[in-house]
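J.: Sequence order for the protein chains is A and B.
If you use the numbering used here, the first sequence closes out at 284, no skipped numbers anywhere.
If you use the numbering used here, the second sequence closes out at 840, no skipped numbers anywhere.
Any given hint might turn out to be false.
Label pairs and their in silico Cβ distance ranges [as the list claims (entries may be wrong)]:
no., chain 1, residue 1, chain 2, residue 2, range
1, B, R600, A, E266, 50 to 56 angstroms
2, A, G64, B, R600, 44 to 50 angstroms
3, B, I689, A, N143, 25 to 31 angstroms
4, A, K142, B, E806, 45 to 51 angstroms
5, A, G158, B, I689, 30 to 36 angstroms
6, A, N73, B, Y764, 52 to 58 angstroms
7, A, G74, B, V769, 57 to 63 angstroms
Derived by calculation from the structure, the hints in this document are not laboratory data.
Using N, Cα and C, we set each Cβ at its ideal position, and we do this for glycine too.
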Amino acid sequence: MTENDKASSRPTVADRISPAAIAVDHLVKVYKQTRAVDDISFSLARGSITGLLGGNGAGKTTTIAMIMGLVLPTSGRVQVLGHRMPEDSAAVLGRMNFESPYVDMPMRLTVRQNLTVFGKLYAVKNLADRIAELAEDLDLGDFIDRANGKLSAGQKTRVALAKALINQPELLLLDEPTASLDPDTADWVRAHLERYRRNKNATILLASHNMLEVERLCDRVIIMKRGRIEDDDAPEAIMARYNRTTLEEVFLDVARGRVNGAKEAAR
Amino acid sequence: MTELSLHRGISVHRIGAMILRYWYLLMSSWPRLLELLYWPALQVITWGFLQLYIAENANFFARAGGTLIGAVILWDILFRGQLGFSISFLEEMWARNIGNLMMSPVKPIEFLLSLMVMSLIRLAIGIIPMTLLALVLFHFNVYALGLPLIAFFCNLIFTSWSVGIFVSGLVLRNGLGAESIVWTLMFAILPLACVYYPVSVLPAWLQYVAWALPPTYAFEGMRALLIEHAFRTDLMLEALAINAVLLVASFGAFLALLRSARRHGSLLSSGE
Numbered sequence: 018m019t020e021n022d023k024a025s026s027r028p029t030v031a032d033r034i035s036p037a038a039i040a041v042d043h044l045v046k047v048y049k050q051t052r053a054v055d056d057i058s059f060s061l062a063r064g065s066i067t068g069l070l071g072g073n074g075a076g077k078t079t080t081i082a083m084i085m086g087l088v089l090p091t092s093g094r095v096q097v098l099g100h101r102m103p104e105d106s107a108a109v110l111g112r113m114n115f116e117s118p119y120v121d122m123p124m125r126l127t128v129r130q131n132l133t134v135f136g137k138l139y140a141v142k143n144l145a146d147r148i149a150e151l152a153e154d155l156d157l158g159d160f161i162d163r164a165n166g167k168l169s170a171g172q173k174t175r176v177a178l179a180k181a182l183i184n185q186p187e188l189l190l191l192d193e194p195t196a197s198l199d200p201d202t203a204d205w206v207r208a209h210l211e212r213y214r215r216n217k218n219a220t221i222l223l224a225s226h227n228m229l230e231v232e233r234l235c236d237r238v239i240i241m242k243r244g245r246i247e248d249d250d251a252p253e254a255i256m257a258r259y260n261r262t263t264l265e266e267v268f269l270d271v272a273r274g275r276v277n278g279a280k281e282a283a284r
Numbered sequence: 569m570t571e572l573s574l575h576r577g578i579s580v581h582r583i584g585a586m587i588l589r590y591w592y593l594l595m596s597s598w599p600r601l602l603e604l605l606y607w608p609a610l611q612v613i614t615w616g617f618l619q620l621y622i623a624e625n626a627n628f629f630a631r632a633g634g635t636l637i638g639a640v641i642l643w644d645i646l647f648r649g650q651l652g653f654s655i656s657f658l659e660e661m662w663a664r665n666i667g668n669l670m671m672s673p674v675k676p677i678e679f680l681l682s683l684m685v686m687s688l689i690r691l692a693i694g695i696i697p698m699t700l701l702a703l704v705l706f707h708f709n710v711y712a713l714g715l716p717l718i719a720f721f722c723n724l725i726f727t728s729w730s731v732g733i734f735v736s737g738l739v740l741r742n743g744l745g746a747e748s749i750v751w752t753l754m755f756a757i758l759p760l761a762c763v764y765y766p767v768s769v770l771p772a773w774l775q776y777v778a779w780a781l782p783p784t785y786a787f788e789g790m791r792a793l794l795i796e797h798a799f800r801t802d803l804m805l806e807a808l809a810i811n812a813v814l815l816v817a818s819f820g821a822f823l824a825l826l827r828s829a830r831r832h833g834s835l836l837s838s839g840e
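Whenever a hint applies, use it, and build me the whole structure from the sequences.
T.: Here it is as structure tokens:
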């Protein structure tokens with residue numbers, strides 16, 4: 018571990034100044050003629066779980082990618098754990114992690130080898146113990162020495178989650194974490210995320226199309242449409258505003274442009 | 569420049585982790601290992617017999633024993649050095665793992681350093697058996713070149729890394745649609761670097777281009793050593809200076825292409 022890394026693992030002045038885990042300010046991303054993200058602002062309190070909802074092309078993945086520093090904004094600012102992204106990413110990358118369907122783990126490496134490599138990249142102390150702990154928590158024991166490419170979709174998702182948790186991140190970004198999982202495994206993953214947030218006071222930002230998942234996990238929901246924030250509140254408050262009993266109904270109202278009618282009906 | 573700020577505090581642990589990742593991959597796949605041995609062995613056998621044939625029929629080659637087979641070995645250091653670098657990089661693209669790495673604390677310079685070490689490891693696996701074959705079958709002992717061999721090797725491997733860094737940046741920016749450049753770019757250097765013939769064969773105007781390429785100095789130096797038994801230190805120093813410029817330029821190009829990839833969202837869609 019370098020001096021820089023040691024320094025970055027301690028709370029910094031920026032951490033103390035900014036209480037928010039994520040602060041997004043007038044963020045814009047334009048790809049050629051398309052405004053994928055159109056002037057959005059929000060901040061997430063530390064220890065919160067926030068759902069990012071929206072149809073395909075709403076701008077969720079681009080937003081998350083900008084928060085991670087994988088995509089550069091056209092304009093606007095992103096602060097993560099008090100540090101500007103991507104300029105100051107070296108100070109925070111070791112304290113966050115992510116899981117996304119847009120990336121895979123190396124297929125020929127075994128689960129243990131993959132976790133060992135990522136654990137070393139994140140400078141995890143007592144790595145063998147940490148891997149054993151994750152194997153127990155996420156039930157990886159039966160296939161931990163099997164190549165990642167030979168696992169079922171559900172097993173791969175658990176391995177990806179293990180990689181995302183290897184460094185016990187303060188901030189976890191999840192893009193469709195339970196996609197392609199059977200209901201039992203998906204429920205089990207959600208329970209694990211809830212437990213992790215509670216035990217570590219971690220902040221989780223979750224992009225999902227599964228409304229039940231968002232209702233169950235999130236204490237706040239941000240709904241995006243065509244790159245803009247359409248609504249932003251607690252799930253119960255949003256459902257009440259739209260006079261709906263489920264987030265799925267709200268989602269359909271937003272997706273089909275029935276927003277004003279639904280809100281007026283609620284008034 | 570923000571990208572440059574990401575290179576302070578290089579971690580040997582992270583470089584080691586990346587090397588471990590490629591080592592696991594190499595050891596998990598016998599076709600990958602076989603491929604490292606197969607082509608260099610085929611090359612040396614083919615060109616070795618050609619050298620024998622020519623030496624029997626031409627006085628010059630009888631005197632200049634080993635220039636062809638020596639050129640083949642040095643060319644393979646150049647070509648396999650670049651492939652060793654680039655294939656490790658491509659493994660990340662094929663595995664769709666590049667996003668995981670870019671989101672991890674590993675810095676671009678650490679990533680590139682690990683690819684350099686892997687190119688040396690892959691090169692050793694392929695080239696050492698090749699040189700032993702040349703010794704056994706054709707009685708050509710490349711190690712008898714002595715210290716000059718180290719100078720040739722260093723200059724060739726530095727050039728191979730420069731090319732590897734540059735083409736990796738191109739693939740990062742343009743996706744796997746640019747993969748063919750990885751396999752073919754070095755062949756554009758082949759005729760200009762005068763691998764099998766002296767620079768004097770080229771038209772005068774093309775000689776300027778040839779002397780701009782560091783490998784030309786290594787191949788000319790090898791011929792001077794085998795034919796005239798003279799080690800041209802001046803050639804090696806000039807090559808080293810050009811290589812230093814190329815390495816800095818390729819690293820700058822890689823950072824610019826990485827930044828462009830971030831601007832265009834290419835790191836999320838690393839397919840074709």
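J.: Determine for every hint whether it applies to the structure shown.
T.: Going down the list of hints, with the structure as the test:
no., hint, result
1, B:R600 - A:E266: 50 to 56 angstroms, "holds (53 angstroms)"
2, A:G64 - B:R600: 44 to 50 angstroms, "holds (45 angstroms)"
3, B:I689 - A:N143: 25 to 31 angstroms, "holds (29 angstroms)"
4, A:K142 - B:E806: 45 to 51 angstroms, "holds (49 angstroms)"
5, A:G158 - B:I689: 30 to 36 angstroms, "holds (32 angstroms)"
6, A:N73 - B:Y764: 52 to 58 angstroms, "holds (56 angstroms)"
7, A:G74 - B:V769: 57 to 63 angstroms, "holds (58 angstroms)"
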